[in-house]
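Enquirer: If you read the sequence shown in this note's numbering, its first letter stands for residue 1, the second for the next number, and so on.
Just so you know, these hints were derived from the structure itself, not from any lab.
Source: prediction; values computed, not measured.
Be aware that a few hints might be false.
[Unchecked claim] Pairwise CB distance ranges, derived in the manner of DEER restraints:
hint, residue 1, residue 2, range
1, ALA51, GLU5, 14 to 24 angstroms
2, PRO114, PRO32, 15 to 25 angstroms
3, ASP63, VAL95, 32 to 42 angstroms
4, ASN93, ILE129, 14 to 24 angstroms
Idealized CB from N, CA, C, for every residue including glycine.
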Amino acid sequence: MKHMEVVGVRVEMPSNQPIVLLKESEGDRYLPIWIGGVEATAIALAQQGVAPARPLTHDLFRDVLDALDTGLETVNITGLSDGIFYAELVFSNGVEVSARPSDSIALALRTGTPIYAHEDVIEEAGMPIPDEQEDQVEAFREFLDNISPEDFGRRST
1 MKHMEVVGVR
11 VEMPSNQPIV
21 LLKESEGDRY
31 LPIWIGGVEA
41 TAIALAQQGV
51 APARPLTHDL
61 FRDVLDALDT
71 GLETVNITGL
81 SDGIFYAELV
91 FSNGVEVSAR
101 PSDSIALALR
111 TGTPIYAHED
121 VIEEAGMPIP
131 DEQEDQVEAF
141 REFLDNISPE
151 DFGRRST
């Protein structure tokens, strides 16, 4: 298992499909995961530290965990099959629950939970970005700083 950091979310063109981009903490590989618009918004809100007037589903889940005095220990990206990523939520009481990576990442950001990915998943879907492309990554980070959650609600038909 490799520790991963959330770089951010963006909309892939021309398909207009949101992705969340993870990066190895100790390495140069990036893991793009295609996600839904609602989940992209939830991740973007958490990264920006925006607290909605009423709790979103991921905020509610975090609050329920707090009320039940149960912590989320890790989020693990466990598999990739036919282009679909799989994840598990690992709780402090030892329970593991299968979940979508997008929901898992949104919850991890709200709870400060570390995110890990199996080496096999990174090997299959990850991509190294050489040092000379770091300026593109920096441009991506600048893009993330200027994007708003409303940008993910737009869809073309």
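Enquirer: Given a hinted range of 14 to 24 angstroms, is it respected by the beta-carbon distance of ASN93 and ILE129?
Expert: Given a distance of about 38 angstroms, which is not inside 14 to 24 angstroms, the answer is violated.
Enquirer: Taking 15 to 25 angstroms as the hint, is the beta-carbon distance of PRO114 and PRO32 inside that range?
Expert: At roughly 20 angstroms between Cβ atoms, PRO32 and PRO114 fall inside 15 to 25 angstroms, so the hint holds.
Enquirer: Between ALA51 and GLU5, does the C-beta distance stay in 14 to 24 angstroms?
Expert: 22 angstroms, holds
Enquirer: Range hint 32 to 42 angstroms: satisfied by the CB atoms of ASP63 and VAL95?
Expert: 18 angstroms, violated
This entry does not satisfy hints 3 and 4, going by the numbered hints stated previously.
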